[in-house]
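Please put together the full structure from these sequences, using the hints given.
Protein chains in written order, with my numbering: chain A, 3 to 793; chain B, 665 to 832.
Because the hints were derived from the structure by calculation, they are not lab data.
Don't take every hint at face value.
What the hints assert, rightly or not - Chain B side only, calculated, beta carbon under 8 Å to chain A, not exhaustive:
hint: 1; residue: 697
hint: 2; residue: 710
hint: 3; residue: 737
hint: 4; residue: 739
hint: 5; residue: 751
hint: 6; residue: 761
hint: 7; residue: 763
hint: 8; residue: 804
Only a predicted model underlies this, so the values are computations on that prediction, with no experimental measurement involved.
Ideal placement from N, C-alpha and C gives every residue a C-beta, glycine not left out.
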Amino acid sequence: MTATAEPEIGKARVRKEDEHLITGRTRWTDNIVLPGLQHIAILRSPVAHARITAIDTTAARGMPGVVAVFTGADLAAEQGSLPNAWPITEDMKAPAAPSLAVDTVNFAGEAVAVVVARSAYEAQDALEGIDVDYDDLPVVLDLAAAAADGAELVHPDLGTNVSAVWTFDSAAAGTGGDVEDAIRDGEVVLRRTYRQQRLIPAFMEPRSVVVDPTGPQLTVWSATQIPHILKLMLAMTLDIPEHKVRVIAPDVGGGFGGKLQVTPEEVIALLVARRLGKPVKYTESRSESMLAAHHGRDQIQKLTLAARRDGTVTGLKVELLADMGAYLRLVTSGIPILGAFMFNGIYKFPAYHFTCTNVFTNKVPTDAYRGAGRPEATFAIERMMDELAAELSRDPLELRAQNWITHEEFPFDTVAGLTYDSGNYEAATAQARELFDYDALRREQAERRERNDPVQLGIGTSTFTEMCGLAPSRVLGSLSYGAGGWEHAAIRMLPTGKVEVVTGSSPHGQGHETAWSQIVADQLGVPFEDVEVIHGDTQSSPRGLDTYGSRSLAVGAVAVVKAAEKVIAKAKPFAAHMMECAEDDLEFTDGRFRVTGTEKAVTLAEVALAVFAAHDLPDGLEPNLDSEATYDPDNFSFPHGTHLCATDVDTETGEVRIRSYVCVDDIGHVVNPLIVDGQVHGGLAQGIAQALYEEAVHDESGTLLSGSFAEYLLPSAVDLPMFTTGRTETPATTNPLGVKGVGEAGTIASTPAVVNAIIDAVRHLGVSDIEMPCSPMRVWQAIQTAEGGAR
Amino acid sequence: MRISVTVDGTTYNDDVEPRLLLVHYLRDRLGKVGTVIGCDTSNCGACTVHLNGYSVKSCSVLAVQADGGDVTTVEGLSRDGKLHPVQEAFRDNHALQCGFCTPGMIMQTIDLLAEDPHPDELAVRHGLEGNLCRCTGYQNIVKAVQDAAHRLEAKAGAPKADSAEAVR
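In structure tokens form, the structure reads like this:
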């Protein structure tokens, strides 16, 4: 690595991406108009489980502007089954997953018929002209009931609602002791059951897809996080030669895991376009998005924690029920497994057991949502640590310090089988305590409790870590995941000295163009402005595994560094030739090859121009500096941090107000602090929203009641506080940038911090749990119930 | 129905269906795709534009209601290649990530600052309550709005017509 006089890495660079976004010169998928473009509307099932006995499309076909109508029967022979890439066990049950329902519907919102018309309005109108007869089947909604023997079945042909049972046991794995021994011998044993409610990712840009079948390749524009995976999966699912598909993710308006999917709508649009020989567009409404785009979380966690009376935790047993919904989408089955390795958090207790039962219900499938498995695990352990602190009348931070891995103990092999490379929980916690003014708030809490203030103060703590930077391919392989976790980058040196960087990591708000430019500017000693970052098109960026799991910087940007190193190595013999010296006499700094100990130098740009002209090059060298690299990390990265939340809880109304929120995150080296703070803020907002506001609610028939932004409470500006963000920098030792990833940290850490704070405010009233989201009604009821019980 | 609407300084005369929403008229008929649609219940505010100087959610206005009116979208804010101060403030404060809510946020901010040139934090939050953002947690948006207020104040020393135009 080379350093420029003033390093770009670490600068709070204003983003390159913003100019077009603030002026409206944007390229959203829904903006695309092509000659002959036809518009698709989708008729969706109003019922959660039924047999389709008849579909009459006659009236629709005769409506103005209608070009064609297709049902599941029409596309059955070509639509295949939507892919699931994560068979977590050899005997995992996975039902066929049609894009367009053929004879049964398994969730309300499932696609049943497609209208193609000349305008979007006409397509929408014609949905009224389709008549579907449904024969109701028993609706399976309750997760626990669905998992029980004798339950009505979502997929009767599978003979069970249980898709798979997956287990990790530290005694069996040789990573620790037997948790049953720990529980038997525990001086304190706490048993709790927590519910991770169903959430909706709710990216702001509704999903949209345009398919053009008129060229030599099928071109698919999609509002997706995963253009590369989508290309591969469309080819495999629909039996299209892979080289005949091109996928483009243009501007993409948020994802949060919600666009990490191969969707029925993408498949439908492709099949319809191919049938008609015309380009088609489908853009969902928000209501359709809430109904039919995958949801997140939806787990029940049964937890048993064993400890000694001195506060030392001795074991944790986790029995998880996870709601898959009606089908297994791309990584539905693996989401709970991503949490399995994180229930031990930052602690070094010696025994751990995890069992997860994946269960089908008649609801839209669940899948990745920001954090994916790790927020659930962090919530569980951080809530349990607060419960243990309360049980033993200990300060929750002090109890954590007693159990956490100290900074001298890294690298640390955890009871869940991972190796944490680095961390400093003491430093992050010390900074957070200070920024929060922890001791003063504790004093105020005591005073307000003393005077019986109707508004009680609660302090919540969350000391988290996460595994991210997905991921080492070999580890993913050992978990039966269908792909690897490498990332690809290419660097093109242009004759004028400008640089094109091609990345396989496909952004949708994260700021890759800016951050990658900063990194390349330092690596090659070129100005930040001279770097163009190219992404999101399988033609210009043919290799990649896309953006999710906080992997872009820790994997994708490291590939960029490796490619830059190759550019310099390739340029060196040319530079030596130009200056008539030996390669060994050259050093590369600030974008120049300099003859050591002299002022004689050529810039990389000069070398690029000479190589382009190719008039006078050393014999046997290819006239080309372009380089590419594929990076597969040896380990995950492990960001961590300490989050402290103070809430005012009105014991008379149940209203919760976040009074202050302090987080100190350790994400290793920071490339752009502006972007990092933004990622943390947004993550916090989503985690807080889980604690306080959001829930996908179904009625007893399986109808989604929270099906629009009027009912699903995405927080607005008035619902959130100002956050205080701090940082410690303990570099990752597993990659040359020392970076860890920041996309999910805020979401993972904040939910338990908020709920711990609420419970802390009312625990003296006898409340030890409130189900999320902690709405005023739920908080008030919990207080009433506890006080009623006390009377 | 025949309508005549001025959008970002250009007057358009068009036949439209009575049911056509203003946002669809802007996007599909005029190609003003900088204005986007984020929901179908008028909750998200992504489609916010100015109609006769006041912010409206263009998904909740019919194109025919804009007949004879003057519409400004995010595409009409920069003048002579110079960004509007609110646009600059959003960029400089990292008040956007994916950028999908940004056109609406910027248009609503301009309206908010026209009504209250020096809003405190709470006033900013209330002023933007009808515009949802999923990426930023709003913190940098609040900062950007207050920063924009300072920038506009600094500009207000300049000729009046310019500042009125800049604000509305």
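Comparing the hints with the structure gives:
1. Here the hint on residue 697 of chain B is kept, as its CB sits about 4 Å from the closest CB of chain A, short of 8 Å.
2. The beta carbon of residue 710 of chain B comes within 6 Å of a beta carbon in chain A, closer than 8 Å, and the hint placing it at the interface holds.
3. The interface hint given for residue 737 of chain B is met, as the beta carbon of that residue sits about 7 Å from the closest beta carbon of chain A, less than 8 Å.
4. For residue 739 of chain B, the interface hint holds, since its Cβ comes within 8 Å of a Cβ in chain A; the closest pair sits about 4 Å apart.
5. With 8 Å as the threshold, the beta carbon of residue 751 of chain B comes within range of chain A, its nearest partner Cβ sitting at about 4 Å, so the hint holds.
6. With a least beta-carbon distance of about 4 Å to chain A, the hint placing residue 761 of chain B at the interface is held under the 8 Å criterion.
7. With a least beta-carbon distance of about 3 Å to chain A, the hint placing residue 763 of chain B at the interface is held under the 8 Å criterion.
8. Checking residue 804 of chain B against chain A by beta carbon gives a least distance of about 6 Å; that is within 8 Å, so the hint holds.
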